[in-house]
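Listed in order, the protein sequences are those of chains A and Z.
Its first residue numbered -11, the first sequence is counted upward by one per residue in the numbering used here.
Its first residue numbered 10, the second sequence is counted upward by one per residue in the numbering used here.
Rather than coming from a laboratory, the hints here were simulated on the basis of the structure.
Glycine is no exception: its CB is placed at the ideal position from the N, C-alpha and C atoms.
Treat the hints loosely; a few may be bogus.
Claimed, not checked - Selected chain A positions facing chain Z (in silico; Cβ < 7 Å): (1) 25; (2) 31; (3) 34; (4) 39; (5) 40; (6) 41; (7) 60; (8) 84; (9) 92.
Read off the chains here:
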Amino acid sequence: EDQVTQSPEALRLQEGESSSLNCSYTVSGLRGLFWYRQDPGKGPEFLFTLYSAGEEKEKERLKATLTKKESFLHITAPKPEDSATYLCAALPSGFQKLVFGTGTRLLVSP
Amino acid sequence: NAGVTQTPKFRVLKTGQSMTLLCAQDMNHEYMYWYRQDPGMGLRLIHYSVGEGTTAKGEVPDGYNVSRLKKQNFLLGLESAAPSQTSVYFCASSSQIGGYTFGSGTRLTVV
């Protein structure tokens, strides 16, 4: 069964304190690994897509990386505005239907 | 550039009442999806569509029906609402291999 597991469930950081969020996946024939940001009361907002092991993508203070079993979202020198829930999703082979993790709630304190 | 628009944004229903949630996208995407999001359970797929006139069941389809009469619209219906259907509902659309674009959600409370 296709499965995506995110850890930790919640993470509290001080402003400027770098850290990483983990996304482990077990899917048949990964076609893509997606990261989303979700603010309270809003829909998930697309951040990155990674297609193959070794690939990296960056956007401002965020960098996403991919291995054959997991993906990491690295947050460098975070700011309070980075506080949100970060969702990871995997696209298995076959039909276009993402498998979502339950997310990591990130809180960055000033 | 609207993207994915959901209506209504909020709704309170009494048990047994019916309603329809509307999702509209302006990106010419083939695929559309309805999810519900509950605390601690993440996003769960209710129904999806691979094109105009087609629909299929997701992981939690019971109590819901959908229709996709036009490519840009995807409707989610609750025929007889139950308290267990209290949730936040998200619609999303995508191209063949692209990421999903989500709407802003509908917060539904069934009392």
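Hint numbers contradicted by this structure: 1, 4, 5, 6, 7, 9
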